[in-house]
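Undergrad: Chain residues, written in single-letter form:
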Amino acid sequence: MGLTGLFLISFLVVHASINACIWFNDGGETFTFYAHFMGTNTIVHFIEAGLFAGLILHIVDGLLLWKQNRDARPVQYAYNNPGKNSTWYSRSMAVLGTLILLFLVIHLYDFWAPNRVEYVTTGEEKDLFQMMQERFESLPIVLLYCAGCFSLFWHLLHGFKSAFQSLGLNHSKYNKAVEVAGIAFSIIVPAVFALMPISMYFHLVH
Amino acid sequence: MNLLLKIWRQKGPNSPGKMVDYPVTDISEDMSFLEMLDVLNDQLVVKGEEPVSFDHDCREGICGMCSLYINGQAHGPERLVTTCQLHMRSFKDGETIYIEPWRAKAFPVVKDLVVDRGAFDRIMNVGGFVSVNTGGAQDANCLPVSKVDADKAFDAATCIGCGACVATCKNSSAMLFVSAKVSQLALLPQGKIEAQERVLNMVEQMDVEGFGNCTNTGACEVECPKGISLENIARMNREYLSAALTGEEKKEITGGF
Numbered sequence: 002m003g004l005t006g007l008f009l010i011s012f013l014v015v016h017a018s019i020n021a022c023i024w025f026n027d028g029g030e031t032f033t034f035y036a037h038f039m040g041t042n043t044i045v046h047f048i049e050a051g052l053f054a055g056l057i058l059h060i061v062d063g064l065l066l067w068k069q070n071r072d073a074r075p076v077q078y079a080y081n082n083p084g085k086n087s088t089w090y091s092r093s094m095a096v097l098g099t100l101i102l103l104f105l106v107i108h109l110y111d112f113w114a115p116n117r118v119e120y121v122t123t124g125e126e127k128d129l130f131q132m133m134q135e136r137f138e139s140l141p142i143v144l145l146y147c148a149g150c151f152s153l154f155w156h157l158l159h160g161f162k163s164a165f166q167s168l169g170l171n172h173s174k175y176n177k178a179v180e181v182a183g184i185a186f187s188i189i190v191p192a193v194f195a196l197m198p199i200s201m202y203f204h205l206v207h
Numbered sequence: 066m067n068l069l070l071k072i073w074r075q076k077g078p079n080s081p082g083k084m085v086d087y088p089v090t091d092i093s094e095d096m097s098f099l100e101m102l103d104v105l106n107d108q109l110v111v112k113g114e115e116p117v118s119f120d121h122d123c124r125e126g127i128c129g130m131c132s133l134y135i136n137g138q139a140h141g142p143e144r145l146v147t148t149c150q151l152h153m154r155s156f157k158d159g160e161t162i163y164i165e166p167w168r169a170k171a172f173p174v175v176k177d178l179v180v181d182r183g184a185f186d187r188i189m190n191v192g193g194f195v196s197v198n199t200g201g202a203q204d205a206n207c208l209p210v211s212k213v214d215a216d217k218a219f220d221a222a223t224c225i226g227c228g229a230c231v232a233t234c235k236n237s238s239a240m241l242f243v244s245a246k247v248s249q250l251a252l253l254p255q256g257k258i259e260a261q262e263r264v265l266n267m268v269e270q271m272d273v274e275g276f277g278n279c280t281n282t283g284a285c286e287v288e289c290p291k292g293i294s295l296e297n298i299a300r301m302n303r304e305y306l307s308a309a310l311t312g313e314e315k316k317e318i319t320g321g322f
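These protein sequence lines map, in sequence, to chains E and G.
So the mapping is simple: our numbering equals the position in the first sequence, first residue as 1, plus 1.
So the mapping is simple: our numbering equals the position in the second sequence, first residue as 1, plus 65.
Simulated from the structure, these hints should not be mistaken for laboratory data.
Everything hinted at is true.
Calculated from the model, a selection of chain G residues having no Cβ within reach of chain E, i.e. all distances over 10 angstroms:
(1) S93
(2) N106
(3) C128
(4) H152
(5) S155
(6) D220
Computed list of lysine to aspartate or glutamate pairs in EDC-like fashion (alpha-carbon distance at most 20 angstroms, straight line):
(7) K68/E <-> D272/G
(8) K157/G <-> E100/G
(9) K217/G <-> E259/G
(10) K68/E <-> E269/G
(11) K257/G <-> E269/G
(12) K177/E <-> E296/G
(13) K71/G <-> D107/G
(14) K235/G <-> D62/E
(15) K170/G <-> D72/E
(16) K176/G <-> E114/G
(17) K177/E <-> E286/G
(18) K71/G <-> E115/G
(19) K174/E <-> D214/G
(20) K85/E <-> E160/G
(21) K176/G <-> D103/G
(22) K112/G <-> D91/G
(23) K174/E <-> D216/G
(24) K85/E <-> E143/G
(25) K170/G <-> D272/G
(26) K157/G <-> D95/G
(27) K174/E <-> E296/G
(28) K85/E <-> E286/G
(29) K170/G <-> D186/G
(30) K257/G <-> D204/G
(31) K170/G <-> E269/G
(32) K257/G <-> E296/G
(33) K76/G <-> D107/G
(34) K174/E <-> D220/G
(35) K235/G <-> D72/E
(36) K112/G <-> E100/G
Since the model is a prediction, treat every value here as computed from it, not as a measurement.
We put the beta carbon where it would ideally sit given N, CA and C, even for glycine.
Let's have the full structure, built from the sequences with the hints guiding it.
TA: Below, the structure is given as structure tokens:
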């Protein structure tokens with residue numbers, strides 16, 4: 002989970018950086034330039050296949066963990082007080098992950114899939130910037146995207162530092178740094194993502 | 066103090082169990098939790114009922130025998146204590162107290178609150194030792210150990226194997242126990258020789274026993290009566306990774322008794 006998690010985290014950085022180009026307010030020119038590169042470059046296509054493989058591994062691994070961990074306690078406690086010793090989000094990674102996956106399906110269906118279909122059939126790309134503007138006219142969709150980012154925030158809040166611990170990277174000199182970096186990352190990246198539909202909805206992006 | 070106890074009663078390993086209410090009166094707040102249960106059992110014996118079975122031995126927090134999941138927490142609400150060191154002053158007069166056995170597939174209930182923690186013994190049997198020749202002790206200076214490593218090894222060695230980590234983990238994972246036992250030897254020169262084989266065998270046995278996996282919630286460290294650190298789990302993960310990648314092909318293990 003740790004290795005695939007960190008790999009997916011590296012993708013989030015790229016995704017958030019390129020999408021943040023919409024805020025150049027140049028009619029999406031910079032954004033479209035990079036989006037075009039990501040959509041048409043052969044090497045990126047291979048990396049994209051790797052990304053999906055990583056995502057599927059992360060999901061399958063997570064489901065296996067969930068199954069094994071559930072089987073490890075056939076009789077539940079009549080009264081349990083887990084809030085005394087651990088955070089709710091660290092105990093809810095499977096649920097948060099499922100929420101993110103549901104969001105991801107909608108998100109890919111909104112942008113990635115139609116663009117890829119267009120590219121394969123006509124060799125041309127769709128205007129993703131315009132698609133974003135149209136999609137984020139709808140308040141329920143904007144709220145849905147914010148909810149997806151919110152789930153991602155909690156998932157990362159545990160996942161980031163947990164990945165380091167799983168890989169054995171625990172050292173009193175660096176633990177604090179990893180923890181702070183994890184908190185910063187889980188706030189900044191989902192916030193950047195969430196601000197995109199929000200700023201589109203309020204027509205702050207031109 | 067007057068209390069209402071809700072206790073898990075189960076006649077044997079394969080019988081169904083249920084929570085049963087037992088009101089107790091005139092409990093001194095200076096009693097330990099186990100003494101309070103002794104009072105209850107005295108009353109049950111007088112009434113001709115079956116007393117509640119629970120594990121206990123030294124009653125001074127070092128043997129690792131006592132257990133009990135009290136009000137939803139392993140060894141009760143206090144930090145860094147075993148159930149025998151938990152006193153009734155930690156509870157309020159009139160309180161309802163839930164008392165349950167450790168819950169894990171790898172810790173089957175024997176009777177009432179008693180569980181079989183033999184899985185821990187079987188994990189120890191496959192690697193929780195060092196093989197040293199007997200004979201005259203060699204000069205201690207032949208095996209220099211840094212104070213830092215000695216302290217860390219000693220901290221890991223304070224694990225009493227009570228199983229609170231498993232009981233409290235939402236995944237019933239035994240990682241804190243196994244990592245403490247791996248660490249106490251891996252940190253010292255005597256343990257280095259068998260280090261790779263040890264970690265591979267102990268982790269394999271841990272999985273065979275049906276414990277869950279670690280998802281780093283950190284609950285075990287909080288509830289551990291001896292304060293065993295999560296640092297040990299990371300150390301075991303490192304040991305395991307390097308042993309799995311670079312270790313010799315593993316020989317067959319029989320899986321304990």
